[in-house]
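These protein sequence lines map, in sequence, to chains Y and C. Just so it is clear: in the first sequence, position 47 is 47 by the numbering used here, and no numbers are missing. To convert, count from 1 in the second sequence and add 145; that's the numbering used here.
No wet-lab data here; the hints were simulated from the structure. There may be inaccurate statements among the hints.
Claimed, not checked - Not everything, but these chain C residues come out facing chain Y in the computed CB check (under 8 Å):
id: 1; residue: 150
id: 2; residue: 153
id: 3; residue: 154
id: 4; residue: 157
id: 5; residue: 159
id: 6; residue: 161
id: 7; residue: 162
id: 8; residue: 165
id: 9; residue: 202
id: 10; residue: 261
id: 11; residue: 264
id: 12; residue: 271
id: 13; residue: 274
id: 14; residue: 275
As the list claims (entries may be wrong) - Straight-line Cα separation of at most 25 Å, DSS-like style, residue types lysine-lysine; simulated pairs:
id: 15; chain 1: C; residue 1: 204; chain 2: Y; residue 2: 143
id: 16; chain 1: C; residue 1: 294; chain 2: Y; residue 2: 140
id: 17; chain 1: C; residue 1: 204; chain 2: C; residue 2: 288
id: 18; chain 1: Y; residue 1: 144; chain 2: C; residue 2: 192
id: 19; chain 1: C; residue 1: 240; chain 2: Y; residue 2: 143
id: 20; chain 1: C; residue 1: 288; chain 2: Y; residue 2: 140
id: 21; chain 1: Y; residue 1: 143; chain 2: C; residue 2: 294
On a predicted model such as this, the values are computed, not experimentally measured, just so you know. Note that beta-carbon positions come from the ideal geometry of N, C-alpha and C, so glycine has one too.
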Amino acid sequence: MNSPEGLAEVLVGLSNVGFVVFFGVASFVPIVLEKSLFSRKQDSAELLFRFPYRLILRLGETTSIVLLIILSFLFILSGLFSLFYLVLNINILLVIAETLSLLIMLLAILFILYIVVCSMRTKDEELKLLIQYSINEQQKLKKKK
Amino acid sequence: MHNLKTIEMRDVETTKQKVIGLLAQAKDEILMSTGLNSDFYNDAKIKTTITDAFRRVKKIRIIIDGDVDLRKTETPWFFELAKELNQKLQMRQNKDILHWLVVDNKNCRLEKVHQLGRVGTENLVAYDVPLPVLENIKDSYNKWWDEGKPIDP
């Protein structure tokens, strides 16, 4: 494990996991949003009061998807450098892979923290007013008709 | 959601200012459902702002609530403008709908149900409306649009 080869193998494994997780989230979140949550439009406004829904919504934003894809490709790049090190045994490749992995980890932590913190912020009063003026008024109008 | 901001208005003057503010920001698309109340829409500032915004944006859809002929006599300038912008402006007539203004798929003005012919006093302006609420608003708007009769300005 302490040998450079062991480290390179760990980095290859890490890059595989990282790519699958980040690219998987980037691919599936928009599908989940489109297929399940947006199809329940009446309820989905109410769902905004719930943290998990706000988190998924935030993850589904274009900026988040782009960031997730960039991170997943950086994982691949790091894995490739490690693989090349194992094949060619050029030390600089392992140094690059290590640095890249550290950078990706740091970026991933910052990204996750940002997403979670932003999703925790609630604007309950504003949301209640918005629902009152849009959805509740529509229901009032239907009853009137 | 993070930038959602709402302002509730209970008087006509503040509503006018906020509507002017919303229209002044419009760049791409305006969706409007309105009773075209002459007291509100014949105001010089409203007229200028609507004219500028309609000329600036790429797409406009308007649903007129109630009697169109009556609206044509009360707010003729609006229909003249619609004629001028025939290429990008579409109009339909429907009845018993809510009076909304959706700007650039992002900001909107919503109004509580009120008697037609009177200016609605209870209004809400919302900036950066969360997508699920906006989808709901647009769904209803599109339903009214589909049910409406096309108007030749």
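For the pair supplied as a hint, residue 294 of chain C and residue 140 of chain Y, is the alpha-carbon distance within the 25 Å limit?
At roughly 23 Å apart (the allowed maximum being 25 Å), residue 140 of chain Y and residue 294 of chain C satisfy the hint.
Chain Y contact restraint for residue 161 of chain C - C-beta distance below 8 Å:
Violated. Min distance 18 Å.
Take the shortest C-beta to C-beta distance between residue 153 of chain C and chain Y; is it under 8 Å?
Given a least distance of 6 Å, the restraint on residue 153 of chain C holds.
Under the criterion of a CB-CB separation shorter than 8 Å, is residue 274 of chain C in contact with chain Y as hinted?
Check passed: Cβ of residue 274 of chain C comes within 7 Å of chain Y, closer than 8 Å.
Are the Cα atoms of residue 143 of chain Y and residue 294 of chain C separated by 25 Å or less?
holds (23 Å)
When you check the alpha-carbon spacing of residue 204 of chain C and residue 143 of chain Y, does it fall within 25 Å?
Distance of about 32 Å is beyond 25 Å: violated.
Residue 288 of chain C and residue 140 of chain Y: Cα distance at most 25 Å?
At roughly 16 Å apart (the allowed maximum being 25 Å), residue 140 of chain Y and residue 288 of chain C satisfy the hint.
Status of the residue 162 of chain C interface restraint (C-beta, 8 Å, chain Y)
violated (18 Å)
A closest beta-carbon separation below 8 Å is what the hint needs, so does residue 154 of chain C meet it against chain Y?
violated (11 Å)
So if I understand the rule, the pair passes when the alpha-carbon distance is 25 Å or less; does residue 204 of chain C with residue 288 of chain C pass?
holds (18 Å)
Is the interface hint satisfied for residue 157 of chain C? The criterion is a beta-carbon contact with chain Y at less than 8 Å.
This hint is violated: residue 157 of chain C lies away from chain Y, its Cβ roughly 17 Å from the closest one there, beyond 8 Å.
With chain Y as the partner, please determine if residue 165 of chain C meets the hint condition of a C-beta pair closer than 8 Å.
It is violated, given that the least Cβ distance between residue 165 of chain C and chain Y is near 19 Å, above 8 Å.
Checked against the numbered hints given earlier, this structure breaks hints 3, 4, 5, 6, 7, 8, 9, 10, 11, 15, 18; the rest are met.
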